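*Asks:* Taken in sequence, the protein lines are chains L and F. Residue 618 in the numbering used here sits at position 618 of the first sequence, with consecutive numbering throughout. Start counting at 1 in the second sequence, then tack on 1000, and there's your number in the numbering used here.
The set of hints was computed from the structure by calculation and includes no laboratory data. From a predicted model like this one, the values you see are computed outputs, not experimental measurements. All C-beta atoms in this analysis are idealised placements derived from N, C-alpha and C, irrespective of residue type, glycine included.
If you only want the chain F side, here are some residues facing chain L, beta carbon under 7 Å, derived: (1) 1062; (2) 1143; (3) 1313.
Which bits of chain F does chain L cover? Going by a derived footprint, with three or more residues having C-beta under 8 Å, they are: (4) 1047-1061; (5) 1076-1085; (6) 1097-1104; (7) 1285-1299.
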Amino acid sequence: MSSALLAVWAALVAALAGLAADRWPAPSRALSCGLLGISGLLAIIAAAQALLSTEAAALQLSLGLPWLPWHLRLDALAGLFLMIIGLGTLAISLYAPAYIEEYRHGPQPLAVLQIFTGLFIAGMELVVLADDAFAFMVAWELMSLASYFLVTYQHQHAANRRAGFLYLVMAHISGLAILLGFGVLAAFGGAFTFAAMRAADPGLIWSSVAFALALAGFGMKAGLVPLHAWLPEAHPVAPSHISALMSGVMLKVAVYGFIRVVFDLLPAPHWGWGVALLVVGSVSALFGILYALLQTDLKRLLAYSSAENIGIIFIGLGLAVIFIGTGHTALGILGLVAALYHCLNHSLFKGLLFLGAGAVIQHTHEHDLERMGGLLKPMPWTGLLFLIGILAISALPPLNGFASEWLIFQTALQAPVLQNGVMRAVIPLAAAMLALTGAVAAACFVKVYGIAFLGQPRTRHARHPHDASTGMKLAMGLQALACVLLGVFAAPTVALLERIPAVLLDARLPSATQLGWLWLTPIAPEVASYSAPLVVLGVLAAVGTWAFIRFWLRPRGKVGALRRGPAWDCGFGPLSPRMQYTAESFSQPFRRVFRPAWQIREELVKSPLESPPFWEIRYQSQLGDITWNWLYQPLARTIQRAAQQVGRLQTGHLRHYLGYSFVTVLVLLWLIS
Amino acid sequence: MVDILIDWLVALLQTLAFVVLAPLFASLVKRVKCRLQNRRPPPWLQPYRDLRKLFGKQVLLAETASPLFRLAPYIVFAVTVMAASVVPLFAVDLPTAATADAIVLVGFFAFSRVFLALAGMDVGTAFGGMGASREMLVGALAEPALLMVIFTLAMVASSTNLSTVVTALLHQGVILRPSLLFALLALLLVAIAETGRIPVDNPATHLELTMIHEAMVLEYTARQLALIEWAAQLKLTLYAVLIANTFFPWGIAEDIAPLSLLRGMAAVVLKLALLGMLLAIAETVVAKMRLFRVPGFLALALVLALLGMLSYNVLEVT
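Given only the sequences and the hints, what does the whole structure look like? Please build it.
*Replies:* Shown next, in the form of structure tokens:
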């Protein structure tokens, strides 16, 4: 517990150190990033202690209100999410010094960036440590406000200000929903502490109300469709390391809040909630990846992909709630472990991808995929590490993204044990949607890597960038290494993660690692088994055999050395970079197949030139989010109309206002008596 | 200890048999097609001759090719061989089947598809990008259907381990389950799409508008091209063995006595011969579809697989 508090302190002092950024830029930056790194390390240490111990450490600080001090508690669940925060913070602390160099001569002071990064991280760490609703909400607000200032860091552009405002509004609506949810729980528990809420029993209806409020609040912050509108606006606007923190870490903190409320504070989850989670998660996953597929702005694409992965996490949570709610606790725990594993994985590979995108954007000064190309040659390390991120997010074995999706599939395959026929039909449908999502995600990220890093450079800027600096490479390398290790050593990771349900729900998953660290056998060894280390060994053995045959048993006849020549051009002459596929052309087949999913406004203008039969044709297409038309615009119009109706109270006549005061006094007198 | 070693040896033998026999299966399909089209077929061992010729040639790389382009054929081949070690050819209950189950098998196919697509986009030509884009479209629609077929099999056999699935279906006797029938039809459609056969893709075409797989590997030469061709033949054989041994598992060896292994080999050779002839007849009789009819084809596979899963959950669970 003390290391966790020290981590929070280190983040706060890092924020303070940012105040000196204008006077002494270099020492302030070194101190700030160094302290953030220390905060990350301390968070990882505290998290490891919490995950490995069976007792939760609790602490009471005399901050807060006189009758309601802050309670802090670090148990295994908080430990996992503290680990996620710590890993993200450590990567950022290595990445930031070189990255924020480009903002040094910009119109905004660097001090703002450093101060609010420290406050943001401190806020997130406190959210995870909070053990009563008051501390939780204060830390939540700190997190939201600090991130708002980070999102609007480059506020000289009107679009950035709009994105930041949307983010702020939605963060506060979600905070309101969460507060109301805590209010319901506190009303039945009698106090605002989580311990009191745990002991209370609100009954099914009020539990469902609290669940719905928690889903709305935490879901909006996590980026669940259709409450995701802020996500693709805010992420491209923020500096890349902040986007990595927001997407990789902050969304997981929202998921932490949801898991804490549903699995810990609410008494017993009902299976109906699980069906709702499953539906919302599947829709979010498919929607997110279909929108990501058509984006050409790199960071916007990654933001939509985050919505997809949050959907996958909620599919796992939905399965967990369904199985726990119908009495199959062991299978429910498998779903929960799979969701937690995916949280950890997503924070790693999404952080890696955002950091890589930041490196690319910093060195090519291009945001748009259509203006990149051929970056693998001038930026080999960034290219290699980004490739690992791509393979991980596309859920390819033996990396970590595959392991968590595999566990979710294994949980879904146990649907036949359920009695309810409707659920037995719904779960396979959700699994089918997850399968479709995974396949489309692979296509999306092949597009990203192929257009940005492979091929030929499409613009002048993309031709001669430098590779990322050492600190940035180290940060990305750390996350890539973690992706590989967490994928290959899946069984030990699951063994560590199953301590969380043991603490939370008092039930274990003994079969998952019963054959040792080499085999992952979630339900039973004869039902499903996967050995990532052996898969890696097998692939290496195949490559080794080929190398042996090639170099020792050389075929007869001398084979000349490798020769370079021009690419095949059908004899029409040299190929220009303009002749390559672009990001939009790569996704065109998908656009045709899944047409109803998007709102595409196309404009075709044909105007005749002076000498017919020549025409000038202009084609413009714009991609819009359908949730704007279906949800947000109608909601905004309703609120505006309601506000107009309420505005009729303001008649402008003094006698009406005196009449209102008179009626209010009468009503109050009646209430008091 | 010794039997574990023998088990692993037999597993290695099975993988080797897969790798060595894959060109022969491709040769069978080609010969039957030639006969049906009234042409004189090439000799049986022609694919081996082609591979040997390619291995002996000098590698010619495009000037714009990156290290990823050079590495991709080896990765694709190695991962396909790994996939081959998982699928039971003539014996079940081998240790390699436990390292990776059916879902991991789908992951292997996805892995090789991703690397092939990336290699296609690497050189910076329009062909490569087009091939990669189309391949990812076909893969994005075929992979969910394949996964749902595997889910149906997994729910029937209560396991995702391919060995266990084959054994369970072997012991259930000759019952006609509607879920398995739907799954078989879906798997046939998916196999045609994923292996790039008519009516989805033409493996013998060289017209750019009709290429999917060929467009991605257009720039490859010599041993790299040989490895990719071999991997494609191996993938075709893998799908054929998957169909043959999962849905018609009779004859497969359940222990490692030499006689049962020989019987298993003979049974699978017979089944592959029949499937090969069926594929050749289908390729001759049906014309290739244009690209935007392929999603409809795969949507049919998806719906059939979904029906299989639903019919199991609704009709067959007690």
